[in-house]
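Colleague: Once you have looked at the hints, place chain U on chain C.
There are 2 protein chains.
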Amino acid sequence: MKEKINNLTIKMLAGQLGLSVSTVSKAISDSHEISASTKQRVNDLVQKLNYVPNPYASSLRTRNSKTIGVVIPEVADSFFAQAINGIESVAQEKGYHVLIYLSHENFEKEKKILKDFESGRVDGVLISVAKETTQHCHIDALMDKAVPIIFFDRVMDEVTTAKIITNDCESARLATEYLIKKGCNRILFLSFSHTLSITCKRLAGYKKALLDNHLKYADNNILTFSNDAKKDYLLLQKKLKSASKDVGILASVEKLALPIYQACEDLQLSIPEDVQVISFSNSDSAAFLHPPLTTITQPAFEIGKTAASLLVKTLERKNFELPMEEIVIPSDLIIRKSTLP
Amino acid sequence: MKEKINNLTIKMLAGQLGLSVSTVSKAISDSHEISASTKQRVNDLVQKLNYVPNPYASSLRTRNSKTIGVVIPEVADSFFAQAINGIESVAQEKGYHVLIYLSHENFEKEKKILKDFESGRVDGVLISVAKETTQHCHIDALMDKAVPIIFFDRVMDEVTTAKIITNDCESARLATEYLIKKGCNRILFLSFSHTLSITCKRLAGYKKALLDNHLKYADNNILTFSNDAKKDYLLLQKKLKSASKDVGILASVEKLALPIYQACEDLQLSIPEDVQVISFSNSDSAAFLHPPLTTITQPAFEIGKTAASLLVKTLERKNFELPMEEIVIPSDLIIRKSTLP
Numbered sequence: 062m063k064e065k066i067n068n069l070t071i072k073m074l075a076g077q078l079g080l081s082v083s084t085v086s087k088a089i090s091d092s093h094e095i096s097a098s099t100k101q102r103v104n105d106l107v108q109k110l111n112y113v114p115n116p117y118a119s120s121l122r123t124r125n126s127k128t129i130g131v132v133i134p135e136v137a138d139s140f141f142a143q144a145i146n147g148i149e150s151v152a153q154e155k156g157y158h159v160l161i162y163l164s165h166e167n168f169e170k171e172k173k174i175l176k177d178f179e180s181g182r183v184d185g186v187l188i189s190v191a192k193e194t195t196q197h198c199h200i201d202a203l204m205d206k207a208v209p210i211i212f213f214d215r216v217m218d219e220v221t222t223a224k225i226i227t228n229d230c231e232s233a234r235l236a237t238e239y240l241i242k243k244g245c246n247r248i249l250f251l252s253f254s255h256t257l258s259i260t261c262k263r264l265a266g267y268k269k270a271l272l273d274n275h276l277k278y279a280d281n282n283i284l285t286f287s288n289d290a291k292k293d294y295l296l297l298q299k300k301l302k303s304a305s306k307d308v309g310i311l312a313s314v315e316k317l318a319l320p321i322y323q324a325c326e327d328l329q330l331s332i333p334e335d336v337q338v339i340s341f342s343n344s345d346s347a348a349f350l351h352p353p354l355t356t357i358t359q360p361a362f363e364i365g366k367t368a369a370s371l372l373v374k375t376l377e378r379k380n381f382e383l384p385m386e387e388i389v390i391p392s393d394l395i396i397r398k399s400t401l402p
Numbered sequence: 062m063k064e065k066i067n068n069l070t071i072k073m074l075a076g077q078l079g080l081s082v083s084t085v086s087k088a089i090s091d092s093h094e095i096s097a098s099t100k101q102r103v104n105d106l107v108q109k110l111n112y113v114p115n116p117y118a119s120s121l122r123t124r125n126s127k128t129i130g131v132v133i134p135e136v137a138d139s140f141f142a143q144a145i146n147g148i149e150s151v152a153q154e155k156g157y158h159v160l161i162y163l164s165h166e167n168f169e170k171e172k173k174i175l176k177d178f179e180s181g182r183v184d185g186v187l188i189s190v191a192k193e194t195t196q197h198c199h200i201d202a203l204m205d206k207a208v209p210i211i212f213f214d215r216v217m218d219e220v221t222t223a224k225i226i227t228n229d230c231e232s233a234r235l236a237t238e239y240l241i242k243k244g245c246n247r248i249l250f251l252s253f254s255h256t257l258s259i260t261c262k263r264l265a266g267y268k269k270a271l272l273d274n275h276l277k278y279a280d281n282n283i284l285t286f287s288n289d290a291k292k293d294y295l296l297l298q299k300k301l302k303s304a305s306k307d308v309g310i311l312a313s314v315e316k317l318a319l320p321i322y323q324a325c326e327d328l329q330l331s332i333p334e335d336v337q338v339i340s341f342s343n344s345d346s347a348a349f350l351h352p353p354l355t356t357i358t359q360p361a362f363e364i365g366k367t368a369a370s371l372l373v374k375t376l377e378r379k380n381f382e383l384p385m386e387e388i389v390i391p392s393d394l395i396i397r398k399s400t401l402p
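Top to bottom, those sequences are chains C and U. For what it's worth, the numbering used here labels the leading residue of the first sequence as 62, then goes sequentially. For what it's worth, the numbering used here labels the leading residue of the second sequence as 62, then goes sequentially.
Among the hints, erroneous ones may be present.
One copy or two, it doesn't matter: identical chains are merged, so the pair holds either way.
Claimed, not checked - Result set (BS3-like, lysine-lysine): computed pairs, CA atoms no more than 27 Å apart in a straight line:
hint, residue 1, residue 2
1, 72, 176
2, 366, 243
3, 173, 87
4, 109, 242
5, 302, 100
6, 87, 172
7, 176, 100
8, 127, 170
Since the hints were made in silico from the structure, they are not lab data.
Extracted from the complex, chain C is given alone in its bound form (with noise of 0.2 Å):
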């Protein structure tokens, strides 16, 4: 089964109508130089034939696969999925390609997915980091080939491009200020990363509003999970074992959510009494949860269209010039019954 048949060429194509090879290209890409009724003969043998045009063949010539990588860390995640979707309304509607290639937070993976690029296999680039990325020497590589990146969501502080985000520092801000003025007086802060810019951003929010608020900053309020389940969890407990009342947590990334609302039950603390909880996520589940998540939602499905559309203009426009900025669209913080009343 390994053999894949397609021996119909365009020079077949060519022969059969008795037109040359430049003719029945330039026909099948509807050029201006071919008349309707060349067009019409061609593409009634492309279709009669079931002639499927080669995009490997087709990209040597022109180097336009119409195609849109997009690498994210992993797919288990609400952000993530709207996201795509939103890459993929505007690919539908400019007729492009969308391969969404997954890093599973591995440096070295990332590394491989963007050196496989280099080789034509995508237009254009739309990345969010893993949590291991801390050089950018894979993204320099396909950028000196000439391959636009944009990133969304996590990006690389150090690389100049376009970056779509929403207002991590501030919406994080935002929330730690609300848990303070619930009555929290010791504020978890629950990470994944000492490195992405998105985390360093989120804690940087935290920070500002414990200063604002004339609340001291501890280290050892910082919990930074690993990729071990089980352990992260072990130390979560840990933690709320010995805290005393009044905790708030601020949890930097949605998959951090579940494991605290599993901790509290295991340690009979009543959430939002005991602990206040709020979250960045965009699960639908979390109106839902016992008792109901209050989130910092992002603008997951917008950040999404907005890098897409930029990336487009940047493939279709001779005169377009990609904006080498951060392109900010805030988040909402959506109060539900996590934090007091």
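Modeller: Only chain U this time, still in chain C's reference frame:
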């Protein structure tokens, strides 16, 4: 930024090294015909010049893109997220790329994706069909081009190939029987397709449980959701309003579970006292909903892993015969508090 640079070809490498193109090509693919010292010379130059083999040119020669195409209806579903992780676990080990394509439940989009595959973009395909898909001409066409296709989860009974599924009928029967035993004398079945094989099997299991327990099957207990969330919600709400006591609901897919919780909240119906709920769901949040949701949890990772293993064997082993049958991996009924104790 549109012009990509990849003019370095095997021919140029051969010229620089004073070797034939065929020798260089064989050295790069680590052929036993080439001496270790020649391979070393070739690889040194490849590294020095940062040469990336062009996948398009390479696949024209070998028809081997080392790429698996995964076609799924949507990404915002825990089942598919976990199945993709299973697929990637095999692909990573065996050196394959995984490209994820979304059909968005749309038959025309699915057709386009498969048409695109005919040209050799991927070596093989794993597919879970769109809810709109009732014809299999697009799948037949791809198989005619000798591209191996394996179904997972959402299969088409009419197509002969390997199909990795769970015990859809039996697990729906067990769940329905559980609701009957817990006192439900009217059980709603929430569907989202009249035609999908997977939904028909789940409905058959529901019907069998009713029959086994001498309960009457009624068409007006079957609610088929469209893609219009608002309309669907009003339909569900109306049905629940008019239902008497001791109602049970079996939701045939994860995303139908949260609207049930919403409707019960809005109608001030209590789960499980007024309405007992079971849903097919792989979502981690099920355990933390209010109340925790009793689920039929599918072996999503295993299904993805099994499908990918079979595909890679088909691609790599000359004498491997793809089993043209269903491979069934059973689901678990996980009892939580949305059903009575």
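Colleague: Are the hints correct? Go through all of them and say.
Modeller: Results for each hint:
Taking the shortest Cα distances, residue 72 and residue 176 sit within 27 Å of each other only across copies (21 Å), while inside one copy they are farther apart (32 Å). With identical chains, the CA atoms of residue 366 and residue 243 are never at most 27 Å apart, being 36 Å at best within one copy and 47 Å at best between copies. Within a single copy, residue 173 and residue 87 get their C-alpha atoms only as close as 36 Å, which misses the 27 Å cut-off; across copies the closest is 22 Å, which meets it. For the identical chains of this complex, residue 109 and residue 242 are neighbours neither inside a copy (71 Å) nor across copies (59 Å), given an alpha-carbon limit of 27 Å.
Neither within a single protomer nor between protomers do residue 302 and residue 100 lie at most 27 Å apart by alpha-carbon distance, with minima of 75 Å and 60 Å respectively. For the identical chains of this complex, residue 87 and residue 172 are inter-copy neighbours only, at 25 Å across copies versus 37 Å inside a copy, given an alpha-carbon limit of 27 Å. For the identical chains of this complex, residue 176 and residue 100 are inter-copy neighbours only, at 22 Å across copies versus 39 Å inside a copy, given an alpha-carbon limit of 27 Å. Taking the closest pair of Cα atoms, residue 127 and residue 170 come within 27 Å of each other both inside a single copy (24 Å) and across two copies (15 Å).
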